[in-house]
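Visitor: So you can see what is in the structure, the chains are spelled out below.
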Amino acid sequence: MKRLIATTLLAVILLITPFLGQCAFKLPAPEKIVLKNGITLFYLKNVDYPLISLRMLVRGAGSAFEPGELEGIAGLTAELMQKGTAKMDAEAIAEAVDFMGARFDISAGSESASVVAESLSEHFPRLMEIAADCLLNPSFTEDEFAKERSKRIDNIKAIKDNPGSAVRPYFTKAYFSTHPMGHLASGTESSLKKMTAAAVKDFYKKYYRAERAIAAVVGNIEKAKLLEIFEATLGKWNNPRPAAPLSTLPAFPKPKGKKLILIDKPDATQAYWILGAPGYPLGDKITPQADVMNTLFGGRFTSWLSTELRIKRGLTYGAGSNFQTWSIGGLFVANSYTKNDKIGEMLDIALDLLKKARTEGFSMEELESSRNYLLGQFPQRLETNAGKAGTYTTLAFYNLGFDYYDKYLAKVKAVAAAEAKDAAVKLLPETDFVLVVVGRAADIKKQLEKYGTWTVKKITDPDF
Amino acid sequence: MRKKFFILVLIALICTALLPAAFRREDIKVHKLDNGLKILLYEDHNIPQVALYTFFRVGSRNERPGITGVSHFIEHMMFNGTKKFGPGEFDRKMEFSGGANNAFTGDDMTGYTDWFPPAALEAMIVMEVDRMQGLIFEPKVLESERGVVASERRMSVENNNDSILSENVRATAIMAHPYHWDVIGWMSDILSWKRDDIMAYYRTFYSPNNAILIVVGDFESAKALDLIKKYYSGIPAGPPPPAVTTVEPPQMGPKQVFIRKEAQTPSFNMVYHAPNCQSPDFYPLSILDMVLLNGESSRLYKRLVRDEQLALNVYGGVGETIDPMLFEIYVKPRPGVDLNRLEAVIEEELGKVKKEGITEKEYRKAQNMIRSGFYFGLQSNAGKAGRLGSTEVLYGSFEKLFTQMDNYAAVKREQVQEAAKKYLTENNKTVGKLIPEGGVQ
Chain H
11 MKRLIATTLL AVILLITPFL GQCAFKLPAP EKIVLKNGIT LFYLKNVDYP LISLRMLVRG
71 AGSAFEPGEL EGIAGLTAEL MQKGTAKMDA EAIAEAVDFM GARFDISAGS ESASVVAESL
131 SEHFPRLMEI AADCLLNPSF TEDEFAKERS KRIDNIKAIK DNPGSAVRPY FTKAYFSTHP
191 MGHLASGTES SLKKMTAAAV KDFYKKYYRA ERAIAAVVGN IEKAKLLEIF EATLGKWNNP
251 RPAAPLSTLP AFPKPKGKKL ILIDKPDATQ AYWILGAPGY PLGDKITPQA DVMNTLFGGR
311 FTSWLSTELR IKRGLTYGAG SNFQTWSIGG LFVANSYTKN DKIGEMLDIA LDLLKKARTE
371 GFSMEELESS RNYLLGQFPQ RLETNAGKAG TYTTLAFYNL GFDYYDKYLA KVKAVAAAEA
431 KDAAVKLLPE TDFVLVVVGR AADIKKQLEK YGTWTVKKIT DPDF
Chain X
317 MRKKFFILVL IALICTALLP AAFRREDIKV HKLDNGLKIL LYEDHNIPQV ALYTFFRVGS
377 RNERPGITGV SHFIEHMMFN GTKKFGPGEF DRKMEFSGGA NNAFTGDDMT GYTDWFPPAA
437 LEAMIVMEVD RMQGLIFEPK VLESERGVVA SERRMSVENN NDSILSENVR ATAIMAHPYH
497 WDVIGWMSDI LSWKRDDIMA YYRTFYSPNN AILIVVGDFE SAKALDLIKK YYSGIPAGPP
557 PPAVTTVEPP QMGPKQVFIR KEAQTPSFNM VYHAPNCQSP DFYPLSILDM VLLNGESSRL
617 YKRLVRDEQL ALNVYGGVGE TIDPMLFEIY VKPRPGVDLN RLEAVIEEEL GKVKKEGITE
677 KEYRKAQNMI RSGFYFGLQS NAGKAGRLGS TEVLYGSFEK LFTQMDNYAA VKREQVQEAA
737 KKYLTENNKT VGKLIPEGGV Q
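In order, the protein sequences belong to chains H and X. The first sequence begins at 11 in this note's numbering and counts up by one. The second sequence begins at 317 in this note's numbering and counts up by one.
If you are wondering where the hints come from, they were derived from the structure by calculation, not from laboratory data. Honestly, I wouldn't trust all of these hints.
Claimed, not checked - As a list, the in silico SDA-like pairs of lysine to any residue whose alpha-carbon atoms are at most 20 angstroms apart:
no., chain 1, residue 1, chain 2, residue 2
1, H, K157, X, I441
2, X, K348, X, E454
3, H, K161, X, I441
To be verified - Chain H is nowhere near these chain X residues, computed Cβ spacing over 12 angstroms in every case:
no., residue
4, H347
5, A435
6, V442
7, D446
8, S467
9, R470
10, K510
11, E578
12, F598
13, P651
14, K668
15, R687
16, F692
17, D722
18, N743
19, E753
Each residue gets a CB set at the ideal place from its N, CA and C atoms; glycine is no exception.
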């Protein structure tokens, strides 16, 4: 592979310049249907393939709303919902889904739980029956709870055996500490030990509600048939007693000064790092300027980070940066890795580039390239049924409107060099950031001392 | 017998009916230039984008000791400068016109994958033609890129215990054939490839007669073909690249690999020599891999992850390769698990398949999984271009893509048991175990 492309990167990508003008591409408007129980459903017919995709978000059923001491219970609940209902046990569910060659998954994000269901058109009615059964009647047996919890505890050890996968959860905990947005869907060894099947049931009852669900179906199905299927499945999802309002999340953390964490992994031959600082909330008006800026800074193959660390110096296979966004705020994150004796050199360069972007900004030619790139790559994210369905649910969830991307792309097309520099000044950190390094401390500690005082932990210590 | 026949006919009918109306063999336009370049064109105006894919029939299979990993290295160097376009210019120009790209190297092929707005088609063709034979391998750039690939190996192998083990198991199971080494190559080779060797390898394999050009997406076929003819016709054909003649000798007894290394969790592999993808046995083995290893209802997942709780995950199966490779079973064992017990449980499950075969329901499930995976993969321009190209390289013609599902449907359930008996034998087996040392106690 020439490079790994972060999917988050594609998620930020957008469209069109004068000479690309003929490629204008719009998100087709779906039909909106509100079911009696409050589920909002968006529908678009596509007869090109014998396939149907459903995406659904359930507001509040994500890890940001779980109790701090039970971090990961949203993730565990989502998993266990697929492990048994009043009618079917875990094996029967797996058997039925696999038999159709279908995809079905419930997982927890931060602000919502997410449901994926897709199959050949002929199997979709049966798939929806199973999905609805899991969403409406999960049984949460003690046996399945014990199995899944113990698997999750062991899986944390497997994550820590690979420094490239371990650096992310360590960074999340270092940045957010106990803030709910930093809850790991995987949980931690300590929090998993505190969970019970009863606590899982409570979480489910409190947060899985039809009136908080936003669904989108795109594929080869008539509207009448789809409504008939929904009527018989998710339409039966009740909202018992009025919902307790979702708690207001505390303000997004904005660390002051440098927080430096070194995780010692004595067998690592490469040091992996993530640097993070506050970004902006999803849908914020700075998004187009920030995307044009970050495309140049670390968002694509010829970005500054990739050019200086990979292309010119051969220090690493991959280097990049991106913005992650939620309703209450967001993150700027840069990351890379290199062999142990080069980590100091690499971090110096990365910090210099942040400074250069803030002080010098970008050339007119770079700006044009960034705009063209964002505009040219945008259509791909809407290419498949799943791409469209996922975009509908996200835009509806954050109440951005289905013309959001039209406006966004129009703005991207017009971002000026001064605006990109302003975005760099506002969003790229200088003195306030969190930096986490996973590597062999004996080889790298000395190189890191110049940045300040480091907190050192062993990778074999429990939790992150 | 009658019932089965009926089901087979039914599956065949469903398959035919399911082929997307818009993607049929007769919609693919095929051309061959005098210099041997094969061209496949398929128009799809769903989104304003074009996928331009170039496949070369070269991979780690074509390497030899001392230059392992060089196919992959050339893939990297394809972005690093010709006489016309300096290092990095390919990417800069492409991104400037709204395009993005990637590339991959496998055991059997190397692919270059470009996605861009329709207006950039001519500019992209110009750059692709240029780098097919124009790389200059500037020494300073070459040394820098060597560091990138060394970092890639550190990331993907040396800091990943599962990969360390699978590299060892593969090199133990496969003794003579170049599939012995991984695509990334050995670290000492990466650090010592000579520029002359790299250039000789590039000249041998990067010729139009060893390439396939695939264009899928929003363009007009006649215009695209004119552009392709205009720019590609000037490149001379090369001598046919040397054939790979080494044949892996039969394994005559079980092999084992042990690795002791600092870790918190063990790793486990079990592999058997398997036929290549053009062998009739490939299809029953693919069905077996679905039944044993794919999905939470698969036999090994159920037994190892759910019932006995010995493992966090299982995966693997048989890959599509030009020469015979391996049927692989990868397991991520839970910490502290007795790996001998794990091996015994897998043996027991394989024994059941050999003795009793698979059930009618399992057979139909596998067919459904294969079919739906196939159609989901064809939704995008990238998916179509990728399948057309890899089918041409692996099966000898892209046309086989359109009969692929019929080949699976034609497999009889009993053939799955026969394939298990033939390939999953004690003498054909290599087992690998990574045993944690140190780590948390």
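Visitor: All hints are to be evaluated individually against the structure, with a verdict given for each.
Guide: These are the hints, each one checked on the structure:
1. Restraint check: the Cα-Cα separation between H:K157 and X:I441 comes to about 55 angstroms, which exceeds 20 angstroms; the hinted pair is violated.
2. The hinted pair formed by X:K348 and X:E454 fails the criterion: a straight-line CA distance of about 33 angstroms is larger than 20 angstroms.
3. Only pairs whose Cα atoms come within 20 angstroms are accepted, and H:K161 paired with X:I441 is rejected, the gap being roughly 50 angstroms.
4. Even its closest Cβ contact with chain H, about 26 angstroms, leaves X:H347 beyond 12 angstroms, as expected for a residue assigned away from the interface.
5. At the 12 angstroms boundary, the C-beta of X:A435 falls inside the reach of chain H, the nearest C-beta of that chain being 6 angstroms off.
6. At roughly 16 angstroms, the least C-beta separation between X:V442 and chain H is larger than 12 angstroms, which holds for a residue marked as non-interface.
7. No beta-carbon of chain H is positioned within 12 angstroms of the beta-carbon of X:D446; the least distance is around 17 angstroms.
8. The non-interface label for X:S467 is inconsistent with chain H: the shortest C-beta to C-beta separation is roughly 4 angstroms, within 12 angstroms.
9. Listed as a non-interface residue, X:R470 fails to keep its Cβ farther than 12 angstroms from every Cβ of chain H; the least gap is roughly 5 angstroms.
10. No Cβ of chain H approaches the Cβ of X:K510 within 12 angstroms, the least distance being about 18 angstroms, so the stated non-interface status holds.
11. With a least beta-carbon separation of about 4 angstroms from chain H, X:E578 fails to lie farther than 12 angstroms from that chain, contradicting its non-interface assignment.
12. Listed as a non-interface residue, X:F598 keeps its Cβ farther than 12 angstroms from every Cβ of chain H; the least gap is roughly 19 angstroms.
13. Listed as outside the interface, X:P651 is inconsistent with that label: its C-beta sits roughly 5 angstroms from the nearest C-beta of chain H, within the 12 angstroms cut-off.
14. For X:K668, the non-interface assignment is confirmed: its Cβ lies about 17 angstroms from the closest Cβ of chain H, beyond the 12 angstroms cut-off.
15. A Cβ of chain H approaches the Cβ of X:R687 within 12 angstroms, the least distance being about 6 angstroms, so the stated non-interface status is violated.
16. Under the 12 angstroms C-beta cut-off, the non-interface status given to X:F692 relative to chain H is violated; the minimum distance is some 7 angstroms.
17. With a cut of 12 angstroms on Cβ distances, X:D722 stays outside the contact zone with chain H, its closest approach being about 17 angstroms.
18. The non-interface label for X:N743 is consistent with chain H: the shortest C-beta to C-beta separation is roughly 32 angstroms, beyond 12 angstroms.
19. X:E753, annotated as away from the interface, has a beta carbon of chain H within 12 angstroms; the closest lies near 10 angstroms.
Figure legend: structure checked against the earlier numbered hints; hints not met, in rising order: 1, 2, 3, 5, 8, 9, 11, 13, 15, 16 and 19.
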